[in-house]
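This is what each chain is made of:
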Amino acid sequence: MFLQIKEVTKRFEDQQEGSFEVFSGVDLKIEKNQFVSILGPSGCGKSTLLSMVAGLESITEGTIFLGDEKVTQPDTDRGMVFQQPALFPWLSVTDNVIFPLKGKLAKDERKKVAAKHLKMVHLTRFKDSYPHELSGGMQQRVAIARALAMDPKVLLMDEPFGALDEQTRHILHDELMKIFEETKKTILFVTHSIQEAIKLSDRVIVMGTRPGRIIADFSVDIERPRQRDDLRVIEMEKEIMSLLKVEINKVLKEELDHEAKHTY
Amino acid sequence: MKPSILIKRILFIVVVIGIWQAVYMSGYFPEIQFPSPIRVFNSLIEGFADGTLIKALIASFKHLLIGLTLAITFGTLLGVLFGKSRQADETAGMYLIAMQSIPSIVWVPLAIMLIGLNETAVIFVVVLGGTFVMALNVRTAVHSVPPQFIKAARTMGSKGLDLFFKVEVPASLPYFMTGIRLAWAFSWRALMAGELLSNGPGLGYSLRYAMDFAVMEQVIGIIIIVGVVGSIVDQMIFSKLEKKVMKRWGLIK
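As they're listed, the protein sequences go chains A and B.
According to my numbering, the first sequence is numbered sequentially starting from 1246.
According to my numbering, the second sequence is numbered sequentially starting from 97.
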């Protein structure tokens, strides 16, 4: 198995409120060259899980394996794209993409790799621009190019299109699909949008909350490009929606109870 | 700058000088206390022509340059220490603000008694004037590095010193620039305080000398120079640099 998440638990220790368990015993196996989405309501720990794969969050219990290697810290075998582009404003677009390649490749080689990936996201024209001169969607494309330039084994994406407007999001969906087909990277994609997950993924993992856990695992066997009005898409959307409704209601009820307890 | 703004500004200064001339002509103040604008202007020309003001300016800039360089260096070191180490910040961070709130003129007697009535004492006051404000801003600069920059850099394999120099240092440049601009402004004030009580050379010393000999036109002339030099250096160098960095960093449009 390519990426293995084994009995993983995340607990935050808080001195005042005691410990808080985000999720426990999460088991997940992901195959190579697959596009896998993790879908769930806020608070289910999906982003935390992704950060643990990236090595940015510590693992309280359990292990994560990428190939034969145990994940202990961040490294270039896992590229990550965040909700915020997090481009370095003091570097040009090209130099941003080159950043992870410093000390790994020769100078001309780095330039070539950067050019190739900027072409992939259709930003060759802006290679000498600075991040503040680009729109949010363009910045996010640079961030994708930057993550791919270091040729990671897996691309981690944490709600990468969450801060963009609808039109831009659709354009970037199409671009990401093209990139996925071209590079055949393994992609782990966190989102709270059911439509986005079904549109893009080979497989959708649904997480529930309180406690965080995996509640369903769908294979999306619908040929791409997927249309929103495809009956199979609508059917799957409904099914996931009803699953999530239970989870969202749980959160709402808890909040209302809390409110009732504290209102006189 | 738009021509209309320039015209407004010129008009304003013309009006101010006009009022000055009118008060002078009313004869309300004795001439030794209240010279005419022309006399002040002439005394400035004279001062530049015979080289006394130029010598004083060069001496002042020498004190400032040495003092500010040291202040920026010490301030940066202190700021990084307090920004990076919570231990240090909890122990002494508070006193940084206390030190910053001491007006620089207060250090002058101490400097003179400790070092003597010489240029080193002036430089000492300038250093104290700039160091703490620099340290406070560098501490803020270190704290204000966006966490997503650090996270992103770590996923690209950067850590330790590489992360510090390639990401944290450039990311904190905007606040660092603000620190330098403020350090300059505070040092400039400290310089005048120090020189005023020193025995020269320097602009502050020339000012005190003019006062001792009751040459009011020179007193006013030097005050004007101090104001003009201060605003030119701020506008032409430090504000410009700061704005440029802010724009590139996407902090202002």
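Treat the hints as calculated values from the structure; they're not laboratory data.
There may be inaccurate statements among the hints.
[What the hints assert, rightly or not] Restraint-style ranges between C-beta atoms, simulated for each label pair:
| no. | chain 1 | residue 1 | chain 2 | residue 2 | range |
| --- | --- | --- | --- | --- | --- |
| 1 | B | Asp330 | A | Lys1429 | 55 to 63 Å |
| 2 | A | Ile1416 | B | Gln183 | 31 to 39 Å |
| 3 | B | Phe260 | A | Glu1500 | 35 to 43 Å |
| 4 | A | Gly1381 | B | Asn214 | 56 to 64 Å |
| 5 | B | Pro199 | A | Glu1500 | 50 to 58 Å |
| 6 | B | Gly323 | A | Gln1412 | 51 to 59 Å |
| 7 | A | Asp1410 | B | Phe260 | 48 to 56 Å |
| 8 | A | Asp1353 | B | Pro199 | 55 to 63 Å |
| 9 | A | Gly1381 | B | Phe260 | 40 to 48 Å |
| 10 | A | Lys1429 | B | Ile348 | 55 to 63 Å |
[As the list claims (entries may be wrong)] Some chain B residues close to chain A (C-beta under 10 Å, calculated; not the full set):
| no. | residue |
| --- | --- |
| 11 | Ala188 |
| 12 | Met190 |
| 13 | Lys247 |
| 14 | Val263 |
Positions of the beta carbon are idealized from the N, C-alpha and C atoms, including for glycine.
Okay, the hints, checked on the actual structure:
1. Asp330(B) <-> Lys1429(A): 55 to 63 Å: holds, 57 Å
2. Ile1416(A) <-> Gln183(B): 31 to 39 Å: violated, 49 Å
3. Phe260(B) <-> Glu1500(A): 35 to 43 Å: holds, 42 Å
4. Gly1381(A) <-> Asn214(B): 56 to 64 Å: holds, 59 Å
5. Pro199(B) <-> Glu1500(A): 50 to 58 Å: holds, 53 Å
6. Gly323(B) <-> Gln1412(A): 51 to 59 Å: The hinted range 51 to 59 Å holds for Gly323(B) and Gln1412(A), with Cβ atoms some 54 Å apart.
7. Asp1410(A) <-> Phe260(B): 48 to 56 Å: Taking Cβ atoms as reference, Asp1410(A) and Phe260(B) lie about 36 Å apart, which means the hint is violated.
8. Asp1353(A) <-> Pro199(B): 55 to 63 Å: Given about 57 Å between the Cβ atoms, the range holds.
9. Gly1381(A) <-> Phe260(B): 40 to 48 Å: violated, 29 Å
10. Lys1429(A) <-> Ile348(B): 55 to 63 Å: At 42 Å between Cβs, range violated.
11. Ala188: Since the shortest Cβ distance to chain A is 25 Å, the answer is violated.
12. Met190: violated, 24 Å
13. Lys247: Hint on Lys247(B): holds, closest Cβ of chain A at ~6 Å, below 10 Å.
14. Val263: holds, 7 Å
Hint compliance for this structure: hints 2, 7, 9, 10, 11 and 12 are broken, all remaining hints hold.
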